[in-house]
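Listed below, chain by chain, are the residues.
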Amino acid sequence: MTTSLDMATADATVPAVAMSGITKRFPGVIANHDVDFEVAVGEVHALLGENGAGKSTLSNVLTGLYHPDGGEIRLAGEVVRIGSPREALARGIGMVHQHFRLVPTFTVAENVMLGHTGRFNRRAAEDRVAEIGEEHGLPVDPSAKIWQLSVGQQQRVEILKALERDARVLILDEPTAVLTPQEAEALFVTLRRMAAGGRSVIFISHKLDEVMAVSDRVTVLRDGTDVGVVEVATTSARDLARLMVGRDVVFNADDGQERASVDADRIVLRVRDLCAADNRGRPALNGVDLDLAAGEIVAVVGVSGNGQRELAEAICGTRRRTGGTVEVDGQPTSGRDPREMIAKGVSHVPEDRLHTGLSPSASIEENLVLKSYRRPPISAGPFVRRRAVRRNAETLIERFGVKTTGPTVSTRLLSGGNVQKVLLAREFSAAPKVLVAASPTRGLDVGAIETVRGLLLDASRSGTAVLLITEELDEALALADRVAVIYEGRIVGVVDRASADLTEIGLLMGGGRPPAEEL
Amino acid sequence: MLRLERRVDVPRWWTWAVPVASVLAAMVLGAVLIVSSGNDPLDVYRRIFESAVLGSGSLSGTVVAATPLLFTGLAAAAAFRMGVFNIGGEGQFIIGAIAGAGVALRFGESMGAGVIPLMIVAAAVAGALWAAIAGALRAWFKTNEIITSLMLNYIALNIGDYLIFNSESSWRLLEGSGRMFPQGKPIDTSAEWPFSHVGPVDFPFGFWLGVIIAIVVWVLYRRTRFGFEVKVIADSPSAATYAGMRARRTIVSVMALSGALAGIGGASDIGDTRHVFDPKGLRQSGYGYTGIVVAALARLNPVAVVPVALLMGGLNNAGRALQGRDFPAGLVGTLQGLILFCALGGEILARYRVRRVAKAVLAS
Amino acid sequence: MKRSAFVSSLLAGALLLSACGKSESGSSSSGESDAKSDGGAVKAAWIYVGPTNDGGWTTAHDNGRKAVEKALGDKVETTFKENVPEGPEVAQVIEDLVKDGNKIIFATSFGFGDAMMAAAKKYPDVKFEHATGIPNDIENFSTYFGAGEQSLYLSGMAAGAETKKGVIGFVAPFPIPEVVRHINAYALGVQSVNPSAVVRVVWINNWFDPPKERQAAESLVAGGADVIASGGDSPAPGEAAKTLGVGWTGYDSDQSTNFPDVWLTAAVYDWGPYYTEHVQSVIDGDWKKQDYYGSIADGFTDIAPFGTRVTDDTKAKIEAKKDEIKSGDFDIFAGPIVDQAGAEKVAAGASLPFGDQMSIDWFVKGVEGDIPKS
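As you go down the protein sequences, you meet chains G, A and X in turn.
Note that the working numbering numbers the first sequence so that position 122 is 122, with each residue one more than the last.
Note that the working numbering numbers the second sequence so that position 40 is 40, with each residue one more than the last.
Note that the working numbering numbers the third sequence so that position 233 is 233, with each residue one more than the last.
For the record, the hints were derived by calculation from the structure and aren't laboratory data.
As the structure is a prediction and not an experimental result, all values here were calculated from the model.
Keep in mind that the hints are not guaranteed to be accurate.
Chain A side only, calculated, beta carbon under 8 Å to chain X, not exhaustive [claimed, not checked]:
id : residue
1  : Asp161
2  : Arg179
3  : Glu192
4  : Ser196
5  : His197
6  : Pro237
7  : Lys280
8  : Gln284
9  : Tyr289
10 : Arg325
The beta carbon of each residue, even a glycine, is placed where N, CA and C say it ideally should be.
Let's have the full structure, built from the sequences with the hints guiding it.
Right, here's the structure in full:
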């Protein structure tokens, strides 16, 4: 079964990889629909697309993790069926995952040789790893333990692992996501060098500048289909952006729903130069400025991982701010304590609803007082008034149409839509001045999405300023009065819904040139 | 592949049926063990029952043995409910005993029985502070409280040894037989805690105190804002933070509460039974560790700790009564272990169902 | 905590050493008939603080119990409770033993004292005997222990002959009179054959703590000692000695077969004859209250068989000394004895009074180490 691609016999005109008509369905979703994808020998080929466009599915099909429902794969002209990642590796396809699969307490050489059978000869292994590293310009100490290495060095080890198995096709899934700019720079040099040596590199990314910098050709995926293959030399970041997001936008905001009247003079949320770090301590927000007026909905869009989560948390006090200020209705906040923000009237619909927004094992009625339990009328002195809790639950369940058999049901037993309703019911019932909603419709079915969007509009109509953080451009344009684009922890552009240009937004999301200086 | 799955709906009657079934299962398994050791199971069970319940003074003995376990069991339950694993009940008990004995020795003679509330308060405060060390380390430095509280046990034991064996502390008896062998100074008889008699059974004051405290803890966890916070923090720390709960402060509070409960147990040890501070005896008894088992069997329910402590106390006494030439200590221990094992096993089966799972499902 | 020193009334000098359970008819409150259980056998029980296989204190007592069974056959029915904690639980244990019909109960740890005394008052028909206990005036309550210091003097002689560097390390349990007395006796024994040798003391503050005992032994050897002496209950110092290849004198139990290379000898107690006699006296109905302090002359204390390291010459010297002790010709605490500072504590021709022995709180010259001020 192993016909590893051999350079000596490979014909340069026959593509190293040729996938045609690939279709992969998941329950309820078509992740790849009739996708054609070709990679030539000796090129760096980028696979570009938004989150959910089908990039990962396609690469998982190629590495044998998924079995396609249709289509065929040719390696160096030969039709193959790839049953497993192991088989893919045997056929010369190596994958560098975004999350490394290394054993931290093993040495570099041990990790590289992991999976080989037979006796492990330390000296020979280290020599071999050093040799491969030398050859490809990937210097790393073979005897170092993984945990001692920087993230960039660990990535090198992952690449070395693939090269050691003589991978002729190397797939890198968002390889720069974890790297510093300098490390990314070095990685690009390595990738170019491997391509020059006759290997093929598949570079999965959604960052336009990187794609422009490193690849020869780009295949753009959108909504599970390939929408074009372009030579980098003959295109621009702008064109790529249009390809990436340029769908027929359904403007359903003016769908008869009455919009809130924005009281532009009353800025209830004023964010200035806000900075915060991510969970690993690296800067994630690098000076965010935002203003929200009462009754206004502002959507923050961007490719995930550009600081959206940190933005929501830094505003709501659940993440420490490292710089900048947040004012609510003209009052400064310290941001040291979520309780302060709750008291100031900031409601928060977190991304992780079930485990952050709610206490999953607690009952619905308990979750509905998760923030109000410490004040009358829910509590009396040190005691929680059980009758008040019950009454509150009965009212909210009725008002928000939560489908449940009773208020004492454990929240985690609810469906996704009902979980979100419980959360929104609680947050809205506090009559907030500001509502920060992070991906509030993600993972919900169509009906629930409709309900949630309706509730957000309701909130704005009642004067709440809504900060909607979303990856769905459609949703942003449907609901928001203004759309702000976040890229690498900065707001790189704010556009009015009326004048929104999708291509422009796409370009900004991919880190393209900032359009105007007037942010 | 077998997998445990949480049961969604547990019928009410299971809460009592499961423990009863577990004990029956343990008795059947135990009978096999007893027969194979060449004894008569019916006779053994009769002796267990007799020495724990029926015999003259047996119930009194059981209550006395249960009293310290009541406190350490409550201490463990109070902490474990929030997922704070206070293994330091042992040390907190000892620190409480030191404080209780210290107060009794200092003021016992002059205050008489009036010193008893003072002993309780001193022991509670001392135990709370001792436990709060591990709590604060966990809350602010993310130190594993299992390790720190365990280490604090050794420190407490060594402090106890120091007071009695290596110094002329005021806890130590320095005249009479105390000159011959290091031992604690007995507290004034007026500071000894009273026994009350219900029918033929003698109840130490500490037992009633423990029962009252168990109810108070139950109310605290079920009915108050504090209890609500504890529940949320235990279930999802991120949700607690999100809701503006002060998780750190609550962790320290729960640790301190747990330590206070164990500490009062230490005072009860001094006041109810030993009347001297005896680090050697305390080390040997290991009440703190048994308390963890008690709490686990009580499903961390403070009120359920009371019957479970009585069960454990009775079982320990019965175990010693059983032991003898034909019935080695090891067999007794195995029998006790079997009963506990069945109880825990029943607990798991009550809350989870075992499912056969196809491998493919796991892989996806 | 197992043993305590003996006792205030001994201090007062009121009690006789020689009154070692010689049968005298008389004042037993329990008649012959109710002393015997069905089938005619008298029931006797032992309460141990440790497991019967601890290889030390409890093992020695349990061997005593077995000796009773062997000697008295079906006239007696023995039982024991092991691993009994010193605490409120003891009362229940005693209660159960009485209920089971035991007529004499031996408790072998100091910490059982209070519960034993309480039970003795409650059950006047049952005899209670407390090893290492405190004498009192309860009619059916006796205490018993033995003069380990004589045996320690003899094992000190073996150590003195063994050491080349003249430094012997003593792993000592608690700084209490009993142990201080033992160390002094040991040092005097050492000096009797090797006048310039010193005994260096490390306190471990426990009777039974194998890791700590082992550590102490190792540090003593590292500090220059070439013989190790155990004062505690575990054979751990012997293991250290074996590893380091130095000689070892044990305590409480004969380890000659387990540590043949390093074994010298050890002070041991033989509880069998005492137990046999006292159970017999219950059978005969002439049990008598007493506070017994056994000696080599009684056969109550002795030394274990010698190891291969001990030369014939040394063996002969030790045996000779043992005979002198037995016959009463030699008193190990005979003057002149000077303390560490050089002050004379016992004048030549005098002897350290028994009361002073029981409360001794100073080391003889040649012992290196402090008695913590306590």
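Now the hints, each set against the structure:
With 8 Å as the threshold, the beta carbon of Asp161(A) comes within range of chain X, its nearest partner Cβ sitting at about 6 Å, so the hint holds. Taking 8 Å as the C-beta cut-off, the interface hint given for Arg179(A) holds, the closest approach to chain X being about 6 Å. The criterion of a C-beta within 8 Å of any C-beta in chain X is not met by Glu192(A), whose closest approach is roughly 13 Å, and the hint is violated. About 17 Å separates the beta-carbon of Ser196(A) from the nearest beta-carbon of chain X, more than 8 Å, and the hint is not met.
Taken as an interface hint, His197(A) does not check out: its beta carbon lies about 16 Å from the nearest beta carbon of chain X, beyond 8 Å. This hint is violated: Pro237(A) has a C-beta 39 Å from the nearest C-beta of chain X, more than the 8 Å allowed. With 8 Å as the threshold, the beta carbon of Lys280(A) comes within range of chain X, its nearest partner Cβ sitting at about 4 Å, so the hint holds. Hint status for Gln284(A) relative to chain X: holds, with the closest Cβ pair at about 4 Å, below 8 Å.
A hinted interface residue such as Tyr289(A) counts as satisfied when its beta carbon comes closer than 8 Å to some beta carbon of chain X; here the least separation is about 13 Å, so the hint is violated. The beta carbon of Arg325(A) comes within 5 Å of a beta carbon in chain X, closer than 8 Å, and the hint placing it at the interface holds.
Comparing the model with each earlier hint shows violations of hints 3, 4, 5, 6 and 9; every other hint is respected.
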